[in-house]
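Following the hints, position chain Z against chain E.
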Amino acid sequence: GQQVMQIPQYQHVQEGEDFTTYCNSSTTLSNIQWYKQRPGGHPVFLIQLVKSGEVKKQKRLTFQFGEAKKNSSLHITATQTTDVGTYFCAGRGGSNYKLTFGKGTLLTVNP
Amino acid sequence: GAVVSQHPSWVICKSGTSVKIECRSLDFQATTMFWYRQFPKQSLMLMATSNEGSKATYEQGVEKDKFLINHASLTLSTLTVTSAHPEDSSFYICSADITHGDSPLHFGNGTRLTVT
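Residue numbers (our numbering), protein chains in the order written: chain E, 9 to 119; chain Z, 518 to 633.
If you're looking for bench data, these hints aren't it; they were derived computationally from the structure. Certain hints may be false.
[Said to hold, decoys possible] Straight-line alpha carbon distances no greater than 30 Å define the calculated DSSO-like cross-link-like pairs of lysine-lysine that follow:
1) E:78 / E:106
2) Z:581 / E:106
3) Z:558 / E:78
4) Z:558 / E:44
5) E:67 / E:44
6) E:106 / Z:537
7) E:111 / Z:583
8) E:106 / Z:531
[What the hints assert, rightly or not] Some chain Z residues flagged as far from chain E (calculated, every beta-carbon gap over 12 Å):
9) 525
10) 530
11) 566
12) 581
13) 593
14) 595
15) 597
16) 603
17) 606
[Claimed, not checked] Stretch-level coverage of chain E by chain Z, calculated; a stretch enters the list once three of its residues show a Cβ under 8 Å from a Cβ in chain Z:
18) 62-73
19) 81-89
Heads up, the beta-carbon is just placed ideally off N, CA and C, and yes, glycines get one too.
Okay, chain E solo, but in the shape it has when bound (with noise of 0.2 Å):
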């Protein structure tokens, strides 16, 4: 079945760093969705990208689909205390509308 890699499992940086998330699925996905979970929280939508190579930003937030709809990265700029958070990643494949996700990147900030 389809399965979605992502990395890395934690990531920790200071307030101001950049943090980079990427995923991976194996096989072609018809569009990938980010969605940010808060401690206790449950996952809110961020972003879907659809189109090959397709590359969408958020303020401090950039998304990138590969050109072969594959993989996917989510890159934070300046990193801020409020983006702590688990981030993940979730791909459809083909006809199946089901969402796979991946593992998720735990991003905590140190002030």
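Leaving out everything else, chain Z in the frame of chain E:
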């Protein structure tokens, strides 16, 4: 818009009892609802997919007789954990999908189940 309400937020029950968790879409009709389980510091694992008016589709390894799912209307799905055991203690989250394939999932706040 697209609010999903999940109830209860937390529940503590004794081993052997059953617990029902409700998931409601408040301002839209959810053709499909998904139930996930999340262990501490782990990812979301899909348990089952429920479609209104039909039987739920369970993921491999999930016991359908233990985790009963009912999707009686376009705005309500329920998950009943039957004969709960301590190993069932987890964070259960529902999500709703308005359309297949193109829309993001809208998650409920989750239910933290502790079985003593």
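Of the numbered hints stated previously, which ones are contradicted by the structure, given in increasing order? When the structure is compared with the hints, numbers 8, 11, 18 and 19 turn out to be violated.
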